[in-house]
Amino acid sequence: MQRILIRLFTMLITLFGVAVVVFIVIRIAPGDPIAMMLPPGATDEDVARLRALYGLDKSLLEQFFVWFGGIIQGDFGTSISLRQDVLGLVLNRLPATLELSLFALLIALSIGGPLAIWGARERGTSIEAGIDIANGAALSIPDFLWGLVLILTFGVLIPVFGISGRVSPRLDLPFVSQFYLFESFFRLRFDLTKDLLSHMFMPALALALPLAAIISQLLKQSLKEVMDLDYVVLARVKGFSETQVILREALKNAALPTLTLIGVQFTFLIGGTVIIERLFSYEGIGNMAIDAVINRDLPLIQGIVLVFALLFVLVNLAVDMTYTLLNPRLRNA
Amino acid sequence: MPSEHTRPHRFNTRLWLAGGWLLFALALALLAPWIAPHDPLAQDLLYGRLPPFWSEGAEPGLWLGTDSLGRDLLSRLIYGGRIAFMVAFAAATAACLVGSTLGLIAGYFGGWPDRIISRIVDIWMSFPPVLFAILLVAVLGTGLHSVIIAIAVIDWTRFCRVIRAEAMVQSRMDYVESARIAGFGRIGIMIKEVLPNVMPSIIALLSLEMGIAIIVEAILSFVNLSIATDDPTWGGLIAEGRLSIHQAWWVLVFPLIALFLTVLSFSQLGEGLKQRFDPILR
Amino acid sequence: MTPCLTITNLSATLPGGARVLRDVSLDVNPGEVRALVGESGAGKSMIGKAILGVLPSSVRQVSGEIFLDGQDLGALSASKRRILVGANVALIPQDPLTALNPSRRIGSQMTDQLIKILGWNSAKAYTRIRQLLDEVQIRDRERVLRSYPHELSGGMRQRVLIATAFAAEPKLIVADEPTTALDVTVQKQILRLIATMQRQHATAILFVTHDLGVVAKISQQVTVLYGGMIIEQAGVSDLFADPQHAYTRALLRATPRYNDPDARVEPVQPDVLAGLQNELAANDHAWEKHLG
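Chains as they are written, first to last, in this note's numbering: chain U, 1 to 333; chain S, 1 to 282; chain C, 1 to 292.
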């Protein structure tokens, strides 16, 4: 319990730090966003009025506290380029990014986990060596390049998946929330689920491949370490097969050290959505963030970066709690 | 076990392949003005989207075909390498200097310098790196310098984290203790005793970081935020290729291959150098 | 009476070709305890591992047969062998601290073989386990069943492992130095417990140890090993009364006697060791000839 409280506290400090850094970085930007918003013939008076409207006429410190006070009350300000509430914009796009990230995590786990188990079972053979080489390649190539490779192979050479957007534009969407994938599933509209998945599959796979390699590598390593321990040998003596031994005895203990690293890597994956969404024209907050930067939309950039930072610390918190939950020693302590 | 025996050999082969490609690509980039068959900026709309030499409709002399404006792809690729390598060397070195110094200080001294540096690293790690890079370049204004600064500002944490952990281990070793008893100063020990022992990791990370820097530059070019001029970049070629993917796949494929091989080589080189220099693994 | 375990001419090698077991042949009759004695590296644990099919990956069995109740294990497929050995042979491991999975409750670890391999239903398995926990004199058995290993002492964990080993009524138990890792005070209790359980269940035990003092207390038959080679085999009273081999005599002299603590304890003499080296060399020579 105390562990988690300390964790929550450092989390808040980190978020505050992020807020300060974003704020400062954006304010040192040359170029006036207000001037960009107005038509060429605008008077100085118009500029001053807009400046006051967005609070840009106050001192930096004042601006910061106004902005930060707003955030605490859930007011992230108004987007300059889209003239809408930042929080509303972000919340509208966030589900798409969350669905993409979680789907990618799922793919990474379902590729990396079985590969690790297979590799541990066949330890010391050429199968394991092959898995090592595949891991090495998947790890050295970042998601951006995987995305491009996938676009070329499955978008152009063998066009089986969608390479742009979140859903086919011709479809009628009955959704009330932005969690299209979940909602299509619960509404039993599997035709829509299929269309959504076929659009998500390639960006998710591009995001998942480096993570899958890390999971496979780390988990295989810790499985191999656990496989020679006495209690695993005892399970073999009892008559359990190699696969049963891995699943029943080794996996849980081997998963613990892997878990913390997956947490950090998952935040990298979420960070990767920014460019992958752009690459696949997927309408999540990452894609919106790039537009916001190009349009110098200060409030929107601030809001999005804060949401990303919040996601990152939440993932770390979740990992920490899962770790405690899975480890009986920590749980009782 | 047999794998124990084959391992060093295999790594050497990889090291040579990776080093070979990098030297080749670097030579092409350096000698671009003498090697490139055409002016990378010369447009010729009559020759737009010509396929590479082995396909039907290819024009002799335009080996890898042309883009939508009829510019020679091979020449653009060779010139693009100049920017890629420039960014790789400059940004990685800058990130390495900042990150390794801070990591060494945090790991060796511990205490409050460590606490402050670690907290800053935590904050830095809470930014999505790509978004951070785009933001910085937008703030600093496009251009080669901005790209280099942005990458260094973001990626110093990679060096800092690893070097901090290693310096921490080293500083608890007996030899550091005996150097202190012998009367050497703390900073002297840090530079003379600890630094050489973390050097293999620094070199390996440096090589990895060069690959990463090239990718980041490509990403920035891809969202049109890298260098402002018309100079060709690999990312810019990829962005163009992505747009005309259904009409001219080669505009995407060739820069992608160049990027792929270069990034893979840098990471293999880093991996191989680490094995080479690490006294324990060797 | 068929022996419950027969090993004939068992040899095993390390990757370089060095032998860790040299033509080992021995029997264990039903309900009998045979001690395997030797210093570390004598190959005594390897014999147990070979029977159980858990030899380290670097060690290869190159000759010999292992018969369980007359059934040649080498003739079975890997999965048949695994299940046959699992059902009929149990292991009491050396170190109770590492032989239990830290993340699973004791109850689940004690019943998993009964349920998953032998196909018992859960209620029957738990009844059986409770009965055995009583036999190994664990008083608050319900708490123990719910515990994780780190919540129990070393002695308690070894009792749990002993109970687990006897749970499926195996015909043979391999006890791999089951008291070595324990406190001296606990060692005696555990040894006595194993002896009692063995008599009650009439289970044959292959008892691996380096301690001749323990051998005298628990076993009927003794096999003395050196360098993977059998030096001498005899009934326990014969061996103690009239050891045939110089090495056995030296071992006996090197063992402190509980009934006569003042007796002189002598280290094994160099001439005895030299004799052993000669025997090993001769054995190597014969082996090379055999390989051609």
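Since the hints were derived computationally from the structure, they do not count as laboratory data.
Computed from a predicted structure; not experimentally measured.
Possibly wrong hints are sitting among the right ones.
Far from chain U, by Cβ distances over 12 Å, these chain S residues were calculated [as the list claims (entries may be wrong)]:
(1) L28
(2) L30
(3) L64
(4) M86
(5) I123
(6) I134
(7) I238
(8) F266
Partner residues aside, some chain U positions facing chain S, computed with beta carbon under 10 Å [stated by the list, open to error]:
(9) G70
(10) G74
(11) L310
Beta carbons: idealized from backbone N, C-alpha and C, even for Gly.
Each hint, compared with the structure:
Residue placement check: S:L28 keeps its beta carbon more than 12 Å from all beta carbons of chain U (closest about 20 Å). For S:L30, the shortest C-beta to C-beta distance to chain U comes to about 24 Å, beyond the 12 Å cut-off, and the non-interface label holds. At the 12 Å boundary, the C-beta of S:L64 stays outside the reach of chain U, the nearest C-beta of that chain being 16 Å off. With 12 Å as the threshold on Cβ separation, the claim that S:M86 sits away from chain U holds: the shortest Cβ distance comes to roughly 20 Å.
The claim that S:I123 is not at the interface with chain U is violated, since a C-beta of that chain comes within 12 Å of its own (minimum 4 Å). Once the 12 Å rule is applied to beta carbons, S:I134 is inconsistent with being away from chain U; the minimum gap is 5 Å. Some Cβ of chain U comes within 12 Å of the Cβ of S:I238; the nearest lies about 6 Å off, and the non-interface call is violated. A beta-carbon of chain U comes within 12 Å of the beta-carbon of S:F266; the shortest separation is about 8 Å.
About 20 Å separates the beta-carbon of U:G70 from the nearest beta-carbon of chain S, more than 10 Å, and the hint is not met. A hinted interface residue such as U:G74 counts as satisfied when its beta carbon comes closer than 10 Å to some beta carbon of chain S; here the least separation is about 20 Å, so the hint is violated. Restraint check, U:L310 versus chain S: the minimum CB separation of about 9 Å is within 10 Å; hint holds.
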